[in-house]
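Those sequence lines, one after another, are chains A and B.
For the record, in the first sequence the residue sitting at position 126 is 126 according to my numbering, with numbers rising by one throughout.
For the record, in the second sequence the residue sitting at position 224 is 224 according to my numbering, with numbers rising by one throughout.
A couple of the hints might just be wrong.
[To be verified] With the C-beta cut set under 10 Å, the calculated list includes, among others, these residues of chain A facing chain B:
(1) Leu24
(2) Leu86
(3) Val91
(4) Gly128
(5) Asn133
(6) Pro279
[Unchecked claim] Here are a few chain A residues that sit away from chain B, every Cβ distance over 12 Å (derived from the structure):
(7) Gly149
(8) Ser167
(9) Gln182
(10) Lys188
(11) Ile215
(12) Asp220
(13) Arg226
(14) Leu231
(15) Ser254
(16) Glu266
[As the list claims (entries may be wrong)] With beta-carbon atoms standing in for the labels, derived distance ranges:
(17) B:Asp54 with A:Lys151: 48 to 58 Å
(18) B:Ile166 with A:Asn34: 38 to 48 Å
(19) B:Gly36 with A:Gly153: 29 to 39 Å
(20) B:Gln264 with A:Thr59: 53 to 63 Å
(21) B:Thr56 with A:Arg219: 33 to 43 Å
(22) B:Ser167 with A:Ile97: 44 to 54 Å
(23) A:Ser254 with B:His141: 38 to 48 Å
(24) A:Asn34 with B:Asp54: 32 to 42 Å
(25) A:Ile97 with B:Asp233: 41 to 51 Å
(26) B:Gln281 with A:Ser185: 49 to 59 Å
(27) B:Asp233 with A:Pro93: 23 to 33 Å
(28) B:Asp220 with A:Glu4: 49 to 59 Å
(29) B:Gly50 with A:Arg219: 46 to 56 Å
Source of the hints: derived by calculation from the structure; they are not laboratory data.
Every residue, glycine too, gets a C-beta built ideally from N, C-alpha and C.
2 protein chains.
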Amino acid sequence: MSNEFDLILQIASSSKTDASDVQLGIGDDCAVWNVGESRVLLAADMLLEGVHFDLTQLTFYQVGRKALAVNLSDIAAMGGEPKTALVSLAVPPSCSIIEMTSLMDGLIALGREYGTTIVGGDTTSHDGPLLINVAITGLSHSSPILRSGAKEGDFLFVTGALGGSISGHHWSFTPRVREAIQLDSSFKINSMIDLSDGLASDIRHIAEASSLGCILEERDIPISDRVNHNLSDDERIYHALSDGEDYELLFTVSQDDAEKLRKQNEIDVHQIGQMQGGPDQIMMKKIDGSLVELPDSGWKHSLK
Amino acid sequence: MSNEFDLILQIASSSKTDASDVQLGIGDDCAVWNVGESRVLLAADMLLEGVHFDLTQLTFYQVGRKALAVNLSDIAAMGGEPKTALVSLAVPPSCSIIEMTSLMDGLIALGREYGTTIVGGDTTSHDGPLLINVAITGLSHSSPILRSGAKEGDFLFVTGALGGSISGHHWSFTPRVREAIQLDSSFKINSMIDLSDGLASDIRHIAEASSLGCILEERDIPISDRVNHNLSDDERIYHALSDGEDYELLFTVSQDDAEKLRKQNEIDVHQIGQMQGGPDQIMMKKIDGSLVELPDSGWKHSLK
Chain A
1 MSNEFDLILQ
11 IASSSKTDAS
21 DVQLGIGDDC
31 AVWNVGESRV
41 LLAADMLLEG
51 VHFDLTQLTF
61 YQVGRKALAV
71 NLSDIAAMGG
81 EPKTALVSLA
91 VPPSCSIIEM
101 TSLMDGLIAL
111 GREYGTTIVG
121 GDTTSHDGPL
131 LINVAITGLS
141 HSSPILRSGA
151 KEGDFLFVTG
161 ALGGSISGHH
171 WSFTPRVREA
181 IQLDSSFKIN
191 SMIDLSDGLA
201 SDIRHIAEAS
211 SLGCILEERD
221 IPISDRVNHN
231 LSDDERIYHA
241 LSDGEDYELL
251 FTVSQDDAEK
261 LRKQNEIDVH
271 QIGQMQGGPD
281 QIMMKKIDGS
291 LVELPDSGWK
301 HSLK
Chain B
1 MSNEFDLILQ
11 IASSSKTDAS
21 DVQLGIGDDC
31 AVWNVGESRV
41 LLAADMLLEG
51 VHFDLTQLTF
61 YQVGRKALAV
71 NLSDIAAMGG
81 EPKTALVSLA
91 VPPSCSIIEM
101 TSLMDGLIAL
111 GREYGTTIVG
121 GDTTSHDGPL
131 LINVAITGLS
141 HSSPILRSGA
151 KEGDFLFVTG
161 ALGGSISGHH
171 WSFTPRVREA
181 IQLDSSFKIN
191 SMIDLSDGLA
201 SDIRHIAEAS
211 SLGCILEERD
221 IPISDRVNHN
231 LSDDERIYHA
241 LSDGEDYELL
251 FTVSQDDAEK
261 LRKQNEIDVH
271 QIGQMQGGPD
281 QIMMKKIDGS
291 LVELPDSGWK
301 HSLK
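Just chain A, same shape as in the assembly (with noise of 0.2 Å):
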């Protein structure tokens, strides 16, 4: 979810000191800080209340869960594995210390499952909306997967189905951890980023990072169940390419890695299109065979 705010921290992100041993700033999920022979890996997402959730449809304990589940999705979008957080709260006077403590507890319970622990953070009452940041560190094994290393001819991939995740299951997502490393540890993973604001829209990222188009097959795309199957297929498609929130890995592949990845059943993947033309070319094949623009906005209307 970028906004004009967004450019000042690229732009503050260039500003590299001499001293720094920073091999990646901002513009990919994770920062990149080589500390001796290991390289850590950075980033930060925030919730907050009134733009990201409403705490008359939740409970504290979705909101906690989910601001670990965001970061822990940005080291999985690296092939990295997580390690500390450090959570900061700007409480209201409406919240007590058992809803705050429910919070924590979705955060900490997460953070279990996933190996991370709660390192620190900072906590101020205010008066003005619930606020969670959370910074996460994580440790990289191999190379980090960024965003910029597809290659012309590579297939596109996603762990798992897309669409619906914003009626309510991205309140409850599985952040791709595990299948990230396990995916780095038996494939040579070119690229790869998590689908927060939806397979339109993020394909872009992989495409200009990497100065590459790419096609996209419509009969392909998996659609997830959340989608309502009432609807007409022109609007499923729509709503797996454009609702956000499914916080599935988008990675490509070479040829022959993708020949392997189809074989294997281990870990849920689809192959959905492939990496050609320059960054501007973002194509969907449709099911009638004919090859139509993807925008990453109005969808409905261009699919018409």
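With chain A held as given, fit chain B onto it using these hints.
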């Protein structure tokens, strides 16, 4: 500035996972995470409009600078070298791009001075107060200096003079990063903390963590020129002990090292007392020779 919700974070921090290489969780100025042979320091601090700052009194540049400075001070308090920062911003509609650029400029400029790179973060627009969270990483080149390492008989020192910072100096203070590294390389610093709440309050963290009491020498406490000279002596010492936001370092060394420290004049340090007795014995020897208990609040009254 601790509050009831800090406790929740503290409980969370004790939930270490087996997989973790966390040497030290919450409870000191930074957490310590072992990465290979390196010791990575981690901390986070948040500044909130309406709680920590008032934009009618300050420039955005000052707010950005301080958001990093308090984090640098946390790294300094462990004797570490700051390295990277993740910056999360919640931005109200009233803030312009120019203002937010100015905020980042304040942050970046200070980062450059101390070899700290902004490597990422998160930004969200919302209808609430401006909030800046900085999560910092650093490296400890020797052993991290903890609050818990003070020994019976250790002498207490502070860098610089105390008091009066609340009138404005805390927006431009110098984080004692260089002083801490220099001290750590030349002396055996047994324990250290940065002074954020005030000497009378922060000394208790060293005392409690080290299970020791202390006696401060009133006549040796360096009172900053920022404290009004027209006040009575009792009033002035009160400010030095209680104002807070000095961001000087408070540390302890053995009697041998104290002697060496008193003889050097490269680093501006002042010996102010000695560790002795039980952790509930936080005493001050007044100029008239009497020994008084040092409450962490209500100072004025007890001094009269």
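Going down the list of hints, with the structure as the test:
This hint holds: Leu24 of chain A has a C-beta 8 Å from the nearest C-beta of chain B, less than the 10 Å allowed. Because the closest C-beta pair between Leu86 of chain A and chain B is about 4 Å apart, less than 10 Å, the hint holds. Because the closest C-beta pair between Val91 of chain A and chain B is about 5 Å apart, less than 10 Å, the hint holds. For the restraint placing Gly128 of chain A at the interface with chain B, the shortest Cβ-Cβ distance is roughly 4 Å, inside the 10 Å limit, so the hint holds.
For Asn133 of chain A, the interface hint holds, the least distance from its beta-carbon to any beta-carbon of chain B being 5 Å, beneath 10 Å. Using the Cβ-Cβ criterion of 10 Å, the hint placing Pro279 of chain A at the interface with chain B is not satisfied: the shortest such distance is roughly 23 Å. Against chain B, the non-interface label of Gly149 of chain A holds: every CB pair exceeds 12 Å, the least being about 19 Å. Against chain B, the non-interface label of Ser167 of chain A holds: every CB pair exceeds 12 Å, the least being about 22 Å.
Non-interface status of Gln182 of chain A relative to chain B is upheld: no Cβ of that chain comes within 12 Å, the nearest being about 16 Å off. Distance check on Lys188 of chain A: its Cβ is at least 25 Å (rounded) from any Cβ of chain B, clearing the 12 Å threshold; non-interface status holds. Even its closest Cβ contact with chain B, about 31 Å, leaves Ile215 of chain A beyond 12 Å, as expected for a residue assigned away from the interface. Consistency note on Asp220 of chain A: stated as away from chain B, and its beta-carbon is indeed over 12 Å from all of that chain's, at 33 Å minimum.
Against chain B, the non-interface label of Arg226 of chain A holds: every CB pair exceeds 12 Å, the least being about 26 Å. Its beta-carbon lying about 31 Å from the closest one in chain B, Leu231 of chain A satisfies the requirement of being farther than 12 Å from that chain. Taking the minimum C-beta to C-beta distance to chain B, about 29 Å, the non-interface status of Ser254 of chain A holds against the 12 Å cut. In this structure Glu266 of chain A is separated from chain B by more than 12 Å, as the shortest Cβ-Cβ distance comes to about 22 Å.
Remark: the range hint 48 to 58 Å for Asp54 of chain B to Lys151 of chain A is upheld by a beta-carbon distance near 53 Å. Ile166 of chain B and Asn34 of chain A have their C-beta atoms about 40 Å apart, which keeps the hinted 38 to 48 Å range intact. A hinted range of 29 to 39 Å holds for the C-beta pair Gly36 of chain B and Gly153 of chain A, which are about 37 Å apart. Gln264 of chain B and Thr59 of chain A have their C-beta atoms about 57 Å apart, which keeps the hinted 53 to 63 Å range intact.
A C-beta distance of roughly 59 Å is found between Thr56 of chain B and Arg219 of chain A, which places it outside the suggested range of 33 to 43 Å. Taking 44 to 54 Å as the suggested C-beta distance range, the pair Ser167 of chain B and Ile97 of chain A does not conform, at roughly 34 Å. Between Ser254 of chain A and His141 of chain B the beta carbons are some 42 Å apart, a value that agrees with the proposed interval 38 to 48 Å. Distance hint check for Asn34 of chain A and Asp54 of chain B: the Cβ-Cβ separation is about 40 Å, which falls inside the suggested range of 32 to 42 Å.
Between Ile97 of chain A and Asp233 of chain B, the C-beta spacing of about 42 Å keeps the proposed range 41 to 51 Å intact. Distance hint check: the CB atoms of Gln281 of chain B and Ser185 of chain A are about 57 Å apart, consistent with the given range 49 to 59 Å. The given range of 23 to 33 Å is broken by Asp233 of chain B and Pro93 of chain A, whose C-beta atoms sit roughly 40 Å from each other. Remark: the range hint 49 to 59 Å for Asp220 of chain B to Glu4 of chain A is upheld by a beta-carbon distance near 53 Å.
Between Gly50 of chain B and Arg219 of chain A the beta carbon distance is about 54 Å. The supplied range of 46 to 56 Å therefore holds.
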